[in-house]
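Just so you know, the protein sequences line up as chains A and B, in that order.
So our numbering is basically just the index in the first sequence, starting at one, shifted up by 4.
So our numbering is basically just the index in the second sequence, starting at one, shifted up by 233.
There's no promise every hint is true.
Calculated cross-link-like contacts (lysine-lysine; reagent style DSBU-like; alpha-carbon spacing at most 30 Å) [to be verified]:
{"hint": "1", "chain 1": "B", "residue 1": "Lys586", "chain 2": "B", "residue 2": "Lys509"}
{"hint": "2", "chain 1": "A", "residue 1": "Lys74", "chain 2": "B", "residue 2": "Lys335"}
{"hint": "3", "chain 1": "B", "residue 1": "Lys673", "chain 2": "A", "residue 2": "Lys279"}
{"hint": "4", "chain 1": "A", "residue 1": "Lys279", "chain 2": "B", "residue 2": "Lys485"}
{"hint": "5", "chain 1": "B", "residue 1": "Lys363", "chain 2": "A", "residue 2": "Lys74"}
{"hint": "6", "chain 1": "A", "residue 1": "Lys279", "chain 2": "B", "residue 2": "Lys586"}
{"hint": "7", "chain 1": "B", "residue 1": "Lys312", "chain 2": "A", "residue 2": "Lys279"}
{"hint": "8", "chain 1": "B", "residue 1": "Lys673", "chain 2": "A", "residue 2": "Lys74"}
{"hint": "9", "chain 1": "B", "residue 1": "Lys509", "chain 2": "B", "residue 2": "Lys623"}
Okay, the calculated bits of chain A under chain B, using three or more residues with CB under 8 Å as the criterion [as the list claims (entries may be wrong)]:
{"hint": "10", "region": "64-76"}
{"hint": "11", "region": "263-274"}
{"hint": "12", "region": "281-292"}
Just so you know, these hints were derived from the structure itself, not from any lab.
Where a beta carbon is used, it is the ideal one built from N, C-alpha and C, also for glycine.
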Amino acid sequence: MLDKKTGQAPAPSQGSNTRGMKGLSDRMVGWIFIAPTIFLLLAINIFPLIWTIRLSLTNYRANRTNAEVKWLGLRNYERILTDPDIWNAMQATAHFVFWTLTLQVLIGFTLAYLINKKFKGNDLWTTIIVLPMMLSPAVVGNFWTFLYQPQIGLFNYFIGFLTGADPSSFSMIGDVALAPWSIVIVDTWMWTPFVMLICLAGLRSIPDSIYEAAECDRASKWRQFWTITIPMALPFLMLAVLFRGIENFKMFDLVVQLTGGGPGSITELTSINLKREAFEKWRTGYASAYAVILFVTVFGLASIYVKALNKVKER
Amino acid sequence: MNRKMILTACASVLFASSLATTAKAEDLTLCWASWDPANALVELSKDFEAQSGHSMNFEFVPWPNFADRMLNELNSGGKLCDLMIGDSQWIGGSAENGHYVKLNDFFDAEGIKMTDFIDATVAGYSEWPKNTPNYWALPAFGDVVGWTYRKDWFERPELQAEFKEKYGRDLAAPDTFAELKDIAEFFQGREIDGTTVYGASIYTERGSEGITMGAMDVLYSYGFLYENPEVPYDMEGFVNSDGAIAGLEYYKELYDCCTPPGSSNGYMSEGIDAFKSGQVALQMNFAFTWPGFESDANVGNGKTGYFVNPKGPNGDQFAQLGGQGISVVSYSEKQDAALEYIKWFAKPDVQAKWWEMGGFSCLKSVTLAPEFPQSQPYAQTFLDSMAVVKDFWAEPSYATLLQDTQRRFHDYVVAGNGTAKEALDGLVRDWTETFEDDGKL
Chain A
5 MLDKKTGQAP
15 APSQGSNTRG
25 MKGLSDRMVG
35 WIFIAPTIFL
45 LLAINIFPLI
55 WTIRLSLTNY
65 RANRTNAEVK
75 WLGLRNYERI
85 LTDPDIWNAM
95 QATAHFVFWT
105 LTLQVLIGFT
115 LAYLINKKFK
125 GNDLWTTIIV
135 LPMMLSPAVV
145 GNFWTFLYQP
155 QIGLFNYFIG
165 FLTGADPSSF
175 SMIGDVALAP
185 WSIVIVDTWM
195 WTPFVMLICL
205 AGLRSIPDSI
215 YEAAECDRAS
225 KWRQFWTITI
235 PMALPFLMLA
245 VLFRGIENFK
255 MFDLVVQLTG
265 GGPGSITELT
275 SINLKREAFE
285 KWRTGYASAY
295 AVILFVTVFG
305 LASIYVKALN
315 KVKER
Chain B
234 MNRKMILTAC
244 ASVLFASSLA
254 TTAKAEDLTL
264 CWASWDPANA
274 LVELSKDFEA
284 QSGHSMNFEF
294 VPWPNFADRM
304 LNELNSGGKL
314 CDLMIGDSQW
324 IGGSAENGHY
334 VKLNDFFDAE
344 GIKMTDFIDA
354 TVAGYSEWPK
364 NTPNYWALPA
374 FGDVVGWTYR
384 KDWFERPELQ
394 AEFKEKYGRD
404 LAAPDTFAEL
414 KDIAEFFQGR
424 EIDGTTVYGA
434 SIYTERGSEG
444 ITMGAMDVLY
454 SYGFLYENPE
464 VPYDMEGFVN
474 SDGAIAGLEY
484 YKELYDCCTP
494 PGSSNGYMSE
504 GIDAFKSGQV
514 ALQMNFAFTW
524 PGFESDANVG
534 NGKTGYFVNP
544 KGPNGDQFAQ
554 LGGQGISVVS
564 YSEKQDAALE
574 YIKWFAKPDV
584 QAKWWEMGGF
594 SCLKSVTLAP
604 EFPQSQPYAQ
614 TFLDSMAVVK
624 DFWAEPSYAT
634 LLQDTQRRFH
644 DYVVAGNGTA
654 KEALDGLVRD
664 WTETFEDDGK
674 L
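Taking the hints into account, I'd like the entire structure generated from these sequences.
Here's what the structure looks like:
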């Protein structure tokens, strides 16, 4: 409030840095402000994590609350790490994550590079390309099950048209060899635009003056690409990989809609496997141990990756 | 005298009004799967609303999510459902975990006798432990896996002649699984009215219970047993007997030779679609789907025939039980009104109307009535099928047992991994581990 006589803001009273409202210290006021956030964080993040770790050491089942809960120590962890089905799910997840990231980065970066060139209809093409990522994964999953249908699916007809094969002679989601690729294709179709957008932001952040200087030095377009474009867009590219990597490691909805984890267990990713253990078999203790292992894996990999990302940014 | 009469009249009015307040109208919620019979039940329940003054709400969940959604509701002690028409396999867990109200005293008080209901449905939907007089549900909807076939195709003279020449017998509803496969092979890839058709639609669904229901429907007649009849939970040599292995091999052969392309994840609704659209000559499905075929423009009007699950190689004949019982949820605050509903639903006239509306009644006075076999084209097949039913485990751990079966069967039948023996040996190991965890072994 302004001083009526001087027209200036009143001078702060002595000790205002250390005393806030009603004699509380600034430090105390600060604590009061952040306490609700800390409480919420403890309640919805830290407490469930501790509780999950505790449950992972027992045979607790959430559907049998009356049953005696036995302390198992590390038995659940031992069973998980020696279970071939869990390792199969891990392998399926690794295959899915590796190929989706590779394809999305390659196609996404290429699209961003092309869109970054100034041409007529640039904005329209950008909008069309990003449409798939605006759809719900459940809708996309359902929609692609029809596209993959051997008798009426457009995808099979398209492949048949290109190769001359009978469209109903192969089933993308029913064949053991093709099913893992069917989910990779759909995820790539849906999320490449996201990678493209991040890469586009990276490409547009490179000042034109650097390219102009390179032109003066008579650097070829190829050399400009490898020594200017790639290094300067790399942090953005790595960020896109981090986001998509974390997302795809916990992929669930799209794959459940498409294949349900089948045929057999060939596309049963860890998140689907974990859901079955936790909410279909109701082995809560076992599923908790499984969740802890996945958490440690993702957290560890993400930490290493973020360190590498920071190093690239510092360069 | 007049004064006395007035006082008595006043007292009577007061007493009557107090009674009316005690039996207050409730809002009841009934939970079930979202399917045709549920719509019939909504219509049927209007009579209950009119008679009782209670109002009925319904919570229907599509089959693939039904167990997940409703078991979550029960396990969390939810108050959403007052009445639950739960799957037969839930009975063990729901009884042992206190989700359902035990109905013995209520049945005794209301004169509802379980002997009035089809025996298999009482054992399948109401009793826990099995074969003991402890009742947790009233049989509500009888169901069983059976088969439909395109009667109009079977009756074509040119197809009959070709079939007879090839197989040396008439083209008719099969008596054995071997005959069924011959018919499926005969139709596979055949052109009928300018369209390519296929042999059979069978259950292959991976996510919930589909392939287990389908494969078990065959395995029972091949000699599969869940356990040693003399020693509970002794499964070695029963689950993976030579007969069971042959049955699973047969199911895979049928899947490989005679199903339409892209049938790797099909259950009830996919079977209905395949049959109604004229894709297949034979279809495995639960009996609840049959009324829908009779009224369908493509396959109704006598074009569809029905037959009981065929016999195995040794002449044994069994079929997979479906269906559900109706229970009162123990977490409900309106249990009295919910019990009123069950009392009303058990009445013979209500059960007769239930059958007329497309609900498969389990009451003997309805199903054993002389006019019953002629009441619908599928009525006799339903009766014959209900006489040979077997059901999956109804243990509290049924979900774990089921998911292991789904994985083992899908891995072998659809994905083609390993052999039938390896699949069933693996199943014995999985089930043994589960029963050990439960302290039953």
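Hint by hint, here is what the structure shows:
Between Lys586 of chain B and Lys509 of chain B the alpha-carbon distance is near 27 Å, which keeps this suggested pair within the 30 Å criterion. Between Lys74 of chain A and Lys335 of chain B the CA atoms are separated by roughly 29 Å; this keeps the pair inside 30 Å, and the hint holds. Under the criterion of a C-alpha separation no larger than 30 Å, the hint pairing Lys673 of chain B with Lys279 of chain A is consistent with the structure, at around 25 Å. A hinted pair counts as satisfied when its Cα atoms are at most 30 Å apart, and Lys279 of chain A with Lys485 of chain B qualifies at roughly 28 Å.
Restraint check for Lys363 of chain B and Lys74 of chain A: satisfied, since their Cα atoms lie roughly 28 Å apart, inside the 30 Å limit. About 42 Å separates the Cα atoms of Lys279 of chain A and Lys586 of chain B, which puts this hinted pair outside 30 Å; it is violated. A hinted pair counts as satisfied when its Cα atoms are at most 30 Å apart, and Lys312 of chain B with Lys279 of chain A qualifies at roughly 24 Å. Pair hint Lys673 of chain B plus Lys74 of chain A holds up; C-alpha atoms about 16 Å apart against a cutoff of 30 Å.
Our distance criterion of 30 Å between C-alpha atoms is met by Lys509 of chain B and Lys623 of chain B, whose separation comes to about 28 Å. Evaluation of the coverage hint for the region 64-76 of chain A: fulfilled, as 5 residues show C-beta separations to chain B shorter than 8 Å, against a requirement of three. Counting residues of the region 263-274 of chain A whose CB falls under 8 Å from any CB of chain B gives 8; the rule of at least 3 is met. Under a criterion of three residues with beta carbons nearer than 8 Å to beta carbons of chain B, the stated coverage of the region 281-292 of chain A is upheld, 5 such residues being counted.
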